[in-house]
Structures are given as structure tokens and as C-alpha cells.
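Engineer: Sequence:
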Amino acid sequence: MARDTFSEKQVSVSQFIKRHLTALRKPDFQSKTFRKRRWRLLQVESSLACNLRCIMCPWKATRRIAPGRGLLPPEIWESIRPHLPEVQSIDFTGGGEPLLQPHLAGWIAEAKAAGCETGFLTNGLLLQKHQLQGFLLAGVDWICVSMDGATKEMHESIRIGSDFDRVCENVAQIAALRRRRAPKTMINFVLMEMNFHQVEEIIRLAARLGVDQVNYKQCDVIRGEHGQDLGLFDVQETQAIRRLQKALEKARRLARRLNVQTTAFAFTPEEQPVCEQDPRNSLFVRHDGAVAPCINLAIGGPTTFLGQSVNMPTVHFGRLPEDDLLNLWETATCRFYRERFQQRVQAHEKSLMKSLIGSSSNRLKILQAAQKAMPDAPQGCDVCHYLYDI
4 MARDTFSEKQ VSVSQFIKRH LTALRKPDFQ SKTFRKRRWR LLQVESSLAC
54 NLRCIMCPWK ATRRIAPGRG LLPPEIWESI RPHLPEVQSI DFTGGGEPLL
104 QPHLAGWIAE AKAAGCETGF LTNGLLLQKH QLQGFLLAGV DWICVSMDGA
154 TKEMHESIRI GSDFDRVCEN VAQIAALRRR RAPKTMINFV LMEMNFHQVE
204 EIIRLAARLG VDQVNYKQCD VIRGEHGQDL GLFDVQETQA IRRLQKALEK
254 ARRLARRLNV QTTAFAFTPE EQPVCEQDPR NSLFVRHDGA VAPCINLAIG
304 GPTTFLGQSV NMPTVHFGRL PEDDLLNLWE TATCRFYRER FQQRVQAHEK
354 SLMKSLIGSS SNRLKILQAA QKAMPDAPQG CDVCHYLYDI
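Using my numbering, you'd call the opening residue of the sequence shown number 4 and step up by one each time.
Hints are not guaranteed to be accurate.
[To be verified] Okay, derived cross-link-like pairs now, PhoX-like style, lysine-lysine, Cα gap no bigger than 20 Å in a straight line: (1) K187 / K132; (2) K353 / K375; (3) K368 / K353; (4) K357 / K375; (5) K63 / K115; (6) K39 / K132; (7) K249 / K220; (8) K220 / K187; (9) K368 / K357; (10) K115 / K187.
[As the list claims (entries may be wrong)] Label-pair restraints from in silico Cβ distances: (11) K132 / N365: 48 to 58 Å; (12) R322 / K253: 25 to 35 Å; (13) R56 / Q345: 23 to 33 Å; (14) L261 / R41: 18 to 28 Å; (15) T334 / R207: 42 to 52 Å; (16) R56 / G304: 31 to 41 Å.
Treat the hints as calculated values from the structure; they're not laboratory data. We put the CB at the ideal spot given by N, CA and C, even for glycine.
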């Protein structure tokens, strides 16, 4: 889905509608290279184990009781391997630190040999030169590093157990060792009240380290008290939200001047036809082999949705290696998620197309009509911030 805000005054109604229609399409997945592949994305939780104690981590309780120390067993990967030629992209990220997985470089090499794009999100502490060289040889396409502070004091107060100087050194080595700008290097910066004043400084740091992109994320995944009240989004736009938006846009202008790409989620909810995870063509494989639509539904529990206490259900299609991945893709529950989101996208597009040939010029009413035309989102997705672009 499109994340970037834009001025409604600068575009016509037809341009406005076409932009929203374009956001629903994934041209990369429709390219000649991948058009015969069944899945756009397979997210494989290579590790739920972690070497840090981040203040907003929602998976702390789950990690304590995880089998096998939270590391994905080789037999689960072996059950995935035959299906790699049908996968466009493999993301080896889950709720933990992928660099704790001893087989990670080998799995990346196997996925690349099958023609998959590969990458992972890491806290960067263990990404030293010898390990990085292994990933470069394996052909990893992207590496994203979580850095929630542009200074040592801020970063280490959020990422408990980290070492800011070592992480910076490890990130800089990616740019020094890579060839032809591969792998793409990114920083994830989780927006919270305590670190928001560094939204510009993280751009300057990224430019100094040779990082390609900074992703501004909301603190939107909550389980119990973990992550609660740390997000900066709200139900509706307020004066405080407008100040945040203005400051973030200033930081993104700085990024453009320094040749650093950026992405950002919204501060207020706008229901989307389907989230970026898009269960129509993706699956999440948990560290214990459970297969789910996404990480949020893989591990349910008490959560907070737009300030309200709710419960996120646990939704599993089955489990590897006992079940075959393709058979799980055809289960009734999996088909329901795929079909419901396809129905939502079609209804949304039909409503926008109707507005395109109509006479309405009220952008808000056009979007509200498109949202109203959609069938209800599946249980769990209806209380997930991702579906509301937050």
C-alpha cells in the first residue's frame, strides 16, 4: 500500500483515484520473472531467540517458553526447500534476531540458488565482518538494521544490551564490502516520544554510514503491556499529530537532499483493502513450524487497537514439517483469508472506478464510499494496525 502522504490540492480527482488504484497493484509480482511463482513472499522466522531486551518488544513472554531456544529447526527449512522455486521473496525475519540462527547464510544461499530475493532485519550487534562476508557470498539482497536512536545514549536506552558504536561499525562495513550497491541497506527507526526529536539526526547518521534507506515505523505491535502507550499515532488528527507530521516531513526532505530514501506509516488510521503483508500471496512460517497469514496472527494474545483493549486471535493453517506447505495453502482457513481480501480489493477498486467516471469531487467521500463497499476484514485483521496503514 502507498504510505507517503501527498497534498490533495496538487492533484486532480482522477489523479487522486488512480493513485489509490495503483497502490493495490504489485508490479514486481506481476513481472515476467516471477509471474509463474505462487507466492510473492514467504516470511520465515529463522529465530525468535534474541540477544537484546528492547523496551517495546511484544514477544518477550513467548520467547521464554519457545521450544529449541526459539531457533527454527533444519527439518522445517528442509520442508520449505522443495517449494523455493515457487517463491519470489524470502524474508528471514520474525520476532527475534536472525543472526542467532547458525544456518542462516546457508539457507540464504539455497534460496538465492532457487531464484528468490532474500533479506533479514537484525539488531546489527552480531553483524561483524566475517559473518557479513558470508552473507555477501550467499547473495543476500537486503539487510535492515533496527536503530531507534541516532546517539549512543538514546539507542542503548531503547535497545537494552546493544552497543551503539559496534552497531554503527557493523553497518558501515556493509557499504564498504558490498559490490554494485548490493545488498540494499536499511535502518528501521521506531517512532516513540522519547526518540522522535532524532528523526533528522537518524538521516544524517544513515548518510554517514552509507545506508540507502530509513524506514520510520510506528510502535504498532503490542502484546499485553509490551509496547503499550509507546506509539505516536491516534484515532484522529490532532494539533500534536500535525506537529509530528510536519517534523517528519522536514526529516524526509533532508533525506532527499542527502540521497537517503525513506518510508513512513500514517499517524491516523485509514482502512486499507489489504495490508502490505497481503495474505493473498504470502505466508508466515513461525520458528516452531506453525504456518499463519502473518506474524501478528501467528502469535495472538491481549493487545491494544487504537487505544482499546482487544484480543488478537491465533490463526494457524497447520504445521511444518508434518504438513506439506502447498496443502496448507489450500486449507479452508487459508483460502478464506485469500478470498476475503481479494473480495475487498475488488469492491474497493469497483467503487473507485465508479467515482472516476462520476461527478464527485469530494476526496473524503470517495474514500469513505470505497471503504464502505468492502466486506468485513477477517477476524484479527480487523483489530490490526497494519490494515489501517499505521
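Engineer: Now tell me if each hint is right for this structure.
Structural biologist: Here's how the hints hold up against the structure:
For the hint pairing K187 with K132, the CA-to-CA distance comes to about 17 Å; that is within 20 Å, so the pair holds. Our distance criterion of 20 Å between C-alpha atoms is met by K353 and K375, whose separation comes to about 12 Å. For a cut-off of 20 Å, the pair hint linking K368 to K353 stands: about 15 Å separates their Cα positions. For the given pair, K357 sits about 14 Å from K375 by alpha-carbon distance, which is consistent with the 20 Å threshold.
For the hint linking K63 to K115, the alpha-carbon distance of about 32 Å lies beyond 20 Å, and the restraint is violated. Among the hinted pairs, K39 with K132 is inconsistent with the structure: their alpha-carbon atoms are about 37 Å apart, more than 20 Å. A hinted pair counts as satisfied when its Cα atoms are at most 20 Å apart, and K249 with K220 qualifies at roughly 16 Å. At roughly 18 Å between alpha-carbon atoms, K220 and K187 fall within 20 Å of each other, so this suggested pair holds.
Proximity of K368 to K357 is assessed by CA-CA distance (about 13 Å); at most 20 Å being required, the pair is judged to hold. A threshold of 20 Å between alpha carbons decides the hint, and for K115 with K187 the separation of about 15 Å falls inside it, so the pair holds. The hinted window of 48 to 58 Å between K132 and N365 holds, with their beta carbons roughly 57 Å apart. Distance hint for R322 and K253: a CB-CB separation of about 47 Å, inconsistent with the stated range 25 to 35 Å.
Checked against the hint of 23 to 33 Å, the pair R56 and Q345 fails, with Cβ atoms roughly 40 Å apart. For L261 paired with R41, a C-beta distance near 40 Å fails the hint of 18 to 28 Å. A beta carbon spacing of about 48 Å between T334 and R207 agrees with the range 42 to 52 Å that was offered as a hint. A hinted range of 31 to 41 Å for the beta carbons of R56 and G304 is inconsistent with their spacing of about 19 Å.
In this structure, the hints that do not hold are numbers 5, 6, 12, 13, 14, 16, in rising order.
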